[in-house]
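2 protein chains.
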Amino acid sequence: MDRLISRRDLEFLLYEVLDVEALTQRERYRDHSRETFKDTLDVAYRIAVEHFATHNKKNDQEEPWFDGERVHTNPEVKAALEAYRQAGLFAATHDYALGGIQLPYVIATACGALFKAANIATASFALLTAGNANVLRKYGSPAQQKKYLLPQLEGRFFGTMCLSEPHAGSSLTDLLTRAEPQADGTYRLNGSKMWISGGDHEIAENIVHLVLAKIPGGPPGVKGISLFIVPKYLVHDDGRLGPRNGVRVAGLNHKMGYRGIPNCLLSLEDAVGELVGAPHQGLSYMFTMMNEARIGVGMGAMALAYTGYLHALEYAQTRTQGRRMHDKNPASPAVPIIQHPDVRRMLIMQKAYAEGCLHLCLYAARLVDEERTAPTPEAAEQARLLLEVLTPVVKGWSSELGIRANELAIQVHGGYGYTRDYNVEQFYRDNRLNAIHEGTNGIQALDLLARKVGMQEGLGFRLWAQEVERTIQASRDTHALRPYAEALEQALKTTAQVTQQLLNKAAQGEVERAFANSFAYLELFGTVTLAWLWLEQARKALGKEGAFYRGKLEAARYFFLYELDKVPLLAERLMRLDDVFLYPEQDWLTTD
Amino acid sequence: MDRLISRRDLEFLLYEVLDVEALTQRERYRDHSRETFKDTLDVAYRIAVEHFATHNKKNDQEEPWFDGERVHTNPEVKAALEAYRQAGLFAATHDYALGGIQLPYVIATACGALFKAANIATASFALLTAGNANVLRKYGSPAQQKKYLLPQLEGRFFGTMCLSEPHAGSSLTDLLTRAEPQADGTYRLNGSKMWISGGDHEIAENIVHLVLAKIPGGPPGVKGISLFIVPKYLVHDDGRLGPRNGVRVAGLNHKMGYRGIPNCLLSLEDAVGELVGAPHQGLSYMFTMMNEARIGVGMGAMALAYTGYLHALEYAQTRTQGRRMHDKNPASPAVPIIQHPDVRRMLIMQKAYAEGCLHLCLYAARLVDEERTAPTPEAAEQARLLLEVLTPVVKGWSSELGIRANELAIQVHGGYGYTRDYNVEQFYRDNRLNAIHEGTNGIQALDLLARKVGMQEGLGFRLWAQEVERTIQASRDTHALRPYAEALEQALKTTAQVTQQLLNKAAQGEVERAFANSFAYLELFGTVTLAWLWLEQARKALGKEGAFYRGKLEAARYFFLYELDKVPLLAERLMRLDDVFLYPEQDWLTTD
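Heads up: the sequence lines are chains A and B, in that order. Mapping of the first sequence onto the working numbering: position 111 corresponds to residue 111, and the numbering continues sequentially without gaps. Mapping of the second sequence onto the working numbering: position 179 corresponds to residue 179, and the numbering continues sequentially without gaps.
Simulated from the structure, these hints should not be mistaken for laboratory data. Hints are not guaranteed to be accurate.
Same chains, same names: a pair is fine if it fits in one copy or spans any two.
Below, a list of computed lysine-lysine pairs in the DSS-like style, where the Cα atoms sit at most 25 Å apart [to be verified]:
{"#": "1", "residue 1": "K328", "residue 2": "K223"}
{"#": "2", "residue 1": "K78", "residue 2": "K58"}
{"#": "3", "residue 1": "K505", "residue 2": "K328"}
{"#": "4", "residue 1": "K328", "residue 2": "K493"}
{"#": "5", "residue 1": "K544", "residue 2": "K328"}
{"#": "6", "residue 1": "K78", "residue 2": "K223"}
{"#": "7", "residue 1": "K328", "residue 2": "K540"}
{"#": "8", "residue 1": "K138", "residue 2": "K57"}
{"#": "9", "residue 1": "K505", "residue 2": "K493"}
{"#": "10", "residue 1": "K566", "residue 2": "K493"}
{"#": "11", "residue 1": "K146", "residue 2": "K57"}
{"#": "12", "residue 1": "K544", "residue 2": "K38"}
{"#": "13", "residue 1": "K57", "residue 2": "K566"}
Keep in mind that this is a model prediction, so the values were computed, not measured.
Pulled out of the complex, with its shape left as it was, chain A reads as follows (with noise of 0.2 Å):
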């Protein structure tokens, strides 16, 4: 069994319930059907399962080193890279004109959990070069684009984003990277950039930084922030590689998990930059290759989340141990544990929270497809809004729950789960780095809570409570369903009242009391969308035959008798607007 994503459930969420097959009547999709998207995904699973997964070990195992000059990766990274670049899913989202098949970003998103799941390492090399390539597709000029965007569609070129530094990470305003201005309209960059997945290897022709810096003179904080493309080697006007830049790797990090990618530190010594778009503009189009990495970050939690889940319930399946409770004849012969119930309970909250996830981040990357695709402005700027707001829940939620699932997935393996001979223990530890990378999830509860849901007076809670009803009112006409949906409005209901109190105390000036709790709001928020989403799968599950889609309603039971439940505790927590998270005048965190 390849355990990776179920392919079955990816066609339930894709075709039954997000109806990802109406794209097809949009004039970009129009070439595209069921079959091209199951072709694709046919492809996707077998190069994640032959080339991604075969490795996945060995890559936790033999970490990427630097040898004071190069930096070097498995081969198999190398290889499976190249299966990969040779199926064209390097550019498969994008436009004919740039050699893509204008494949809808939401099959591509399926794809991409499909290689998370498998080697989330390995495929990090890929999503980091498409978030690129995006920024320098919205963005870069005609001639950056023909240098800089095409090598990375053909997977020649692989691409970073260089934002952190040593003494920088959440706060981007201070940074210390300069680029100074030269005779020949380019730029000269110094600088030290922390934390830079893929920041250095041998894998491809060339690496294309997009680096953060400040041009001196500019606006002091975020405002005076520039994007710059920093590439390895220079590249002349004809395509042709000239002599490497002066980007170092001043050291690569160690970590816990995510070990098959390197992460460097790198050091800008008068490395040769090129301003993309205007001066000072640079935090805006980085927010769109941030965007992006984020909905990737929560598939990848999630991805992880869904492998680990499949390989849990194998081993409930055919790990044999003790008895029924009921019996008290030790000659019987032992069970399979997934029927004592502490071990079910333990994969059921699995399936809930991966099935759930996969699920988010599909309706997350359709809005992606909606944004470009949307037969109006109006309903185009929708999408993008609601896009905004569920972006934060799509990587701090999913990587909340991921690593809950994960540490599941090894609680039902008992010791064996705990050993480097299955594969459960590197998923946690891989899932460990989502709830960090990207932005925190404390710094996503800020986004979502003091940025997002008060977005244009309050137009993006509003967008998302929509959809939230659209779901209930087409289910509470369903008797097997009215439960849910009654208890869904009022966990609505609930939310928006918090919602509005917490915006209103902010408005009053008081601040940091208002959004103390943002991580509980994000608890909040996130738990409410999962039991929408629950619904509408519960919702298209209900009527049909079979076991997957009574599990389908036995998962959504357990999301809203164990899940939504918590919704009133938390509304109590945020509105209570109390002061112990609040740093006092003199402090008493001491152990002295």
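Mind docking chain B on chain A? Use the hints.
The following block gives chain B in isolation, referenced to the frame of chain A:
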């Protein structure tokens, strides 16, 4: 900074809260005083810092290995245990007649916490030996004690416990290891033993394995299990070592963490064993060791949580990043991250978990002293029973909260916490074992609900409730504590009702349904227990001057506002007695 466990906090808990000094009134401890306790803790602290903490990272990076003949460990492990031995710590709690100093168990436990915080793997050699020695002290014959107990108390021999087999972890009923009686009164053992920590090494002169096996012809199931001493080297009656016994290493388990102590699959091949006590009583003897080991596991989880918290606290006090929310000036200096509410939340949670569990573990350890030295047999029996009830909570709930705490310690560090340059990622990996070994937390939850709280017609539960009630009564007339006392009173009532309803349901024969949610019961019971202990700490801190005491009051406030508030929710889940986790006639957990 050593950042192990706060000495100030240890002293607060030992003397101000638990009044451990009162033990010096007991005959057994009359030579002791607060000064001898302090001296012992000073010695332990010094050895922990100088000999244990110093190789904790090396133990993780260079794990034990097996050359086909011998198991190799880092030389620092042996050196650390030699320092431990020379300080007399192996025998400390034992009688003068056995070479001990009759140190109270609670003080020895506090010392143990320091060693575990410094280096949980190296400390485990000593703790396993202590547990083994206690079984022999209670159940070994005088000859066995001379041959196997005394050398362990001298630190010359180390001990193990051999319960699990590859096919039988949680289910000891199914053990297959056989012990054939011989004409000379010894037995020959054959079988495989799995997950044996310290199962082989060259650190001690000899290893004393305590092995569960079945004597052919005995009763089926756990009633046919006997306990045997199986030394690595046979021991002559005069104490000289004889030839190597038939215990061989079949392989080492390679774990995610906790790597410094080898974990072995042992093969018994006509191994010579001596029966301990009577035949077929092995499990009850082994429970002596298991109970102690379970308290040790809880303590280990707490120790890792505590040291992780101190690491995160120091990091948060020194790392600067960003500005307060009301400060929009990018030119103002960055603040230490402890000032950001979400970071502060993560620190307060760690403090509440680590210091709360330290209290719980020391409370349990003090019950061991109480059982041993109480003025009346009734009081001793009460202490024993209360300890029985608390053991699964100490093990299960400390390890659940411990892993949460370490997860947060990483999160406070951001990306740095995910690298091996810092210590917290190792604590997290090490701590993940504690929810699994010595009975998974699922087993602990079942033990608590299905066995312990109903013991002796609910006497165990009532003893626990009496203790909680005592704290409530002592607090309710104090203005500042009254709201806590009332909340705890309500939570206690709820817990009693839930317990009664579940035990009634089980008595009516619906055992699986009654106990299906036992993990939620552990969560409920653990949360109320910690709230009780936090109220105790608050009671003893109230009215005293200084940040340390203020911190105790604030942590209690956090616990009552953000943890005890879960009680109604958990109670509702339990009272509902739904069938969500029961194995259905036709399973629907499928991915196809």
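Now the hints, each set against the structure:
no., hint, result
1, K328 to K223, "between (71 Å within a copy, 12 Å between copies)"
2, K78 to K58, "within (13 Å within a copy, 32 Å between copies)"
3, K505 to K328, "between (60 Å within a copy, 18 Å between copies)"
4, K328 to K493, "neither (49 Å within a copy, 33 Å between copies)"
5, K544 to K328, "neither (39 Å within a copy, 56 Å between copies)"
6, K78 to K223, "neither (39 Å within a copy, 58 Å between copies)"
7, K328 to K540, "neither (42 Å within a copy, 48 Å between copies)"
8, K138 to K57, "neither (37 Å within a copy, 47 Å between copies)"
9, K505 to K493, "within (18 Å within a copy, 36 Å between copies)"
10, K566 to K493, "both (14 Å within a copy, 21 Å between copies)"
11, K146 to K57, "neither (37 Å within a copy, 49 Å between copies)"
12, K544 to K38, "within (22 Å within a copy, 70 Å between copies)"
13, K57 to K566, "neither (37 Å within a copy, 40 Å between copies)"
The structure shown violates the earlier hints numbered 4, 5, 6, 7, 8, 11 and 13.
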